[in-house]
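Asks: Each chain is listed here by its residues.
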Amino acid sequence: MNTPIIACYTLSKAFNGIKAVKDVELEIAPGAFVALLGPSGCGKTTVLRLLAGLETPDTGVIRIGEVEIAGKGYALPPEKRRLGMVFQEYALFPHMSVRDNIAFGIRDRPDRDQRIDEVLTLVDLQSIQDRGPHSLSGGQQQRVALARALAPKPAVMLLDEPFSNLDAALRQRVRREIRQILLKAGVTTLFVTHDQEEALSLSDDVAVMIDGTIMQYGPPEELYRFPANQAVAGFLGETNFLQGQACGMYAESVLGRIQLHTAMQGKVTIMIRPENLILAPDPNGQATVCHHEYVGHSRIIMARDQQNQLLRCRLNGSLPPPPIGSKVSASVQDAAMAYQIS
Amino acid sequence: MTPKARRKKHLYQRIFSGRRLLRIAVILVAALSLTPVLYLIVRASESAPQIITLLTRPRTLQVLANSVLLTVLVTASATIVGCALAWLTMRTDLPGRRYWSAITCLPLVLPSYVGAFALLAALGPNGMLQGMLAPLGVTRLPSIYGLPGAWLALTLFTYPYVQLSVRAGLRGLDPALEDAARCLGLTRLQVFRQIVLPHLRPAIGAGALLVALYTLSDFGAVSLLQYNVFTREIYVQYSATLDRSAAAILALKLVALTGMIILIENWTRSHRPQYRAGTGTARAQTRIRLGNWHVPALVLCTMVTLLGLGIPVLVTMFWWVRGLHADSVIGAQTRILLHSMSASALAALSCVLAALPVVIQSVRYPGKLSRLAEKAAYAGHALPGIVVALALVFLGARYLPFLYQSLFMLVAAYTILFLPLALGALRTVMLKLNPRTEEAARMLGHTPANVFFHVTLPQLRPGMLTGMALVFLTCMKELPATLLLGPTGFETLATRIWSATEEAFFAMAAAPALILMLAAAISLWILLHHEQDQLPT
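First to last, the protein sequences are chains B and R.
For the first sequence, the working numbering gives the first residue as 115, with consecutive numbering after it.
For the second sequence, the working numbering gives the first residue as 17, with consecutive numbering after it.
Honestly, the hints are just simulated from the structure, not real lab data.
A portion of the hints provided could be inaccurate.
Just the calculated beta-carbon pair ranges, DEER-fashion [said to hold, decoys possible]:
#1 Gly439(B) - Cys199(R): 31 to 39 Å
#2 Leu37(R) - Ile132(B): 42 to 50 Å
#3 Gly131(B) - Ala81(R): 52 to 60 Å
#4 Leu37(R) - Leu284(B): 24 to 32 Å
#5 Ile132(B) - Thr284(R): 39 to 47 Å
#6 Asp172(B) - Gly34(R): 16 to 24 Å
#7 Pro111(R) - Phe129(B): 31 to 39 Å
#8 Asn450(R) - Ala449(B): 20 to 28 Å
#9 Leu330(R) - His248(B): 12 to 20 Å
#10 Gly439(B) - Leu193(R): 34 to 42 Å
Yeah, the Cβ is synthetic: ideal placement off N, Cα and C, and Gly gets one too.
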């Protein structure tokens with residue numbers, strides 16, 4: 115990896131003695147689109163605010179390119195960092211028009227008007243530039259916030275839960291739009307979200323943060339298929355956890371012998387995504403179908419094995435499901451991840 | 017830049033940071049608010065040996081007895097009238113109850129000396145009534161000076177405190193509680209005594225406390241109606257004798273009495289939690305049918321409105337018209353109006369400037385300091401105006417001779433007395449101000465100072481304007497501090513009304529009184545608007 119454009123090492127921050135961020139390490143390559151994903155209260159917004167300079171770290175260093183902007187005993191104030199930020203509730207200046215909002219960060223530049231027109235075109239807001247923020251829809255407000263942050267041409271853009279204030283119907287479209295705009299602007303992006311689907315579908319890399327630490331950092335597919343631990347696996351989507359006895363590249367479980375992704379020994383917890391579990395109708399099967407959940411494009415079938423453990427299987431929504439009460443046999447396709455039980 | 021140089025620069029920024037300047041400003045405002053009390057304590061302790069003799073002087077004891085008697089009587093009568101009006105307008109089918117509800121609150125904003133002026137101009141010697149009866153050969157009317165006049169005047173101008181408080185209490189009472197009690201077999205009367213009254217006790221207590229504090233600190237009505245309570249005695253001592261320690265000790269006693277009343281109210285307040293089970297909007301309350309009782313109810317409303325509002329307005333108009341005939345000097349009116357307005361405008365500016373750091377500190381960085389500053393501001397507000405004025409007179413004469421007898425001292429007194437008005441108005445707006453907008457501005461490359469002037473201040477403008485308007489209109493009505501601290505010859509509307517009434521030149525007082533009534537009406541309108549803004553949206 116070439117020099118990261120923004121990076122932090124052993125970053126920690128406590129509020130009133132409670133550690134919100136513990137030893138966070140993060141390196142973001144120039145031009146990347148990265149999600150910081152975690153449940154609410156995990157400290158992800160604090161990381162963003164530390165990078166922005168709105169909070170001072172207790173320990174650790176932050177670098178932009180080669181320059182250290184925060185470290186032991188000092189922190190560059192936010193106005194000197196030249197980072198762009200879009201806040202969760204947009205934080206538009208209510209006493210200024212759209213155009214004045216966008217101009218606010220580039221007041222002293224000679225090419226100001228030209229730049230404003232440029233970003234207005236980029237976010238497609240030329241027609242409403244003289245209106246006040248209160249008269250705009252949520253999606254429009256967000257684009258104004260984005261344009262305002264983009265105007266000074268920051269190297270890095272930080273977005274705090276950018277899509278959480280939009281209703282579900284609008285969200286899908288806005289997400290794609292925003293990503294397009296940011297890619298076009300060629301800006302490195304770090305955005306915070308608690309929505310795993312959003313993180314997986316939008317970003318080049320995802321950092322999963324739980325309880326103040328980054329548990330795993332990598333491309334979405336790697337995270338989903340090979341989560342580093344049970345917490346990450348559980349947070350990134352529905353899963354089945356089965357107890358098993360590992361012996362090299364396979365493990366014995368209630369579902370019989372399961373192939374493992376990596377070689378292990380001893381007691382393990384095996385992680386199987388519902389789409390990798392196959393429930394086939396079988397009069398002699400070990401499991402009984404107990405519940406269906408239809409979610410449109412797919413259907414979750416739940417069955418109980420002899421040990422009364424619940425198994426979840428994802429089926430194409432248009433296929434007929436095995437009837438409730440019928441016997442099924444379960445099998446696993448693909449090698450599974452497993453975690454040592456200590 | 018080397019890391020060392022950078023660290024040094026950071027240290028420099030911390031020492032001269034906005035946060036530190038803000039803290040210094042807040043400390044200065046708190047110190048200003050506490051000045052009168054601290055000074056009075058110092059002053060009185062200097063003359064400690066005299067204290068016992070002064071305290072037990074028969075004259076002092078008489079003043080104490082008068083003050084307590086007047087406070088008890090006014091509080092009792094204002095509570096009865098206020099509760100009755102609140103209940104009638106909120107819980108019965110009184111005809112025109114919305115109208116009564118609004119109009120019966122109006123006397124609240126009239127200064128008490130205008131009420132006393134109206135009372136004297138109507139019923140006093142050489143008053144309207146005597147003038148009308150003179151052709152019939154009546155030359156003497158029963159005197160309204162002393163206790164009866166003060167009691168009547170103060171009751172008429174303070175009952176709205178109880179009414180408003182009880183009205184809020186009734187609004188917060190969940191009708192389901194009463195329904196439940198009725199279902200459990202209680203009669204209407206039992207429900208009232210066992211459910212409604214206990215629930216309303218804190219509201220009644222809070223209203224009564226305000227009435228008692230108002231009565232104790234009132235100077236205008238008691239001085240014009242010549243009833244010798246603390247405030248009047250302080251003024252007499254101050255202006256008639258050179259012994260200023262006596263006035264200081266009287267003032268301290270008045271402060272002690274004020275503190276005692278606050279303590280008593282605190283102590284009797286029930287600590288049982290008041291709550292409504294469940295969320296959601298309560299069902300509309302059922303109204304009690306008055307039947308034949310609506311005649312006495314209407315008589316009560318009419319009487320109160322007539323005495324508290326109708327008569328003052330009519331009497332003032334009467335004397336104003338008479339004054340026009342007598343051709344009183346118009347130029348003098350504009351001069352005193354200008355005096356009033358300039359002092360009030362300066363005070364409005366000063367209050368808002370003082371409130372700004374306190375509000376920012378308490379909303380953005382809440383903690384011990386901000387709580388102390390707010391408490392200090394409210395303590396200054398709770399002090400009787402004459403006490404604050406007296407303390408500043410002493411302080412100015414002794415330590416600040418170059419400022420004594422200047423407008424500066426008067427504006428300082430106004431600021432100490434009315435700072436909370438600006439605090440309240442600014443706070444409402446500050447709470448709504450999204451701190452993220454300030455952070456967004458920092459992220460866009462602006463320094464904290466820049467952010468303050470371009471993002472924070474413009475957003476606070478509506479609160480600053482409301483605060484300034486409220487302080488301005490309240491200062492226009494202020495009497496005791498203006499009387500004691502105004503520069504020589506600096507006559508204002510308030511002092512003109514007071515001095516003219518004292519000498520029974522009612523026509524001279526009429527025009528200023530009308531202007532003040534107008535100011536009062538505007539301030540009430542602003543208050544009501546402000547109240548609406550504070551409702552959660």
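Asks: Are there hints from earlier that the structure breaks, and if so, what are their numbers?
Replies: 1, 2, 4, 7, 8, 9 and 10
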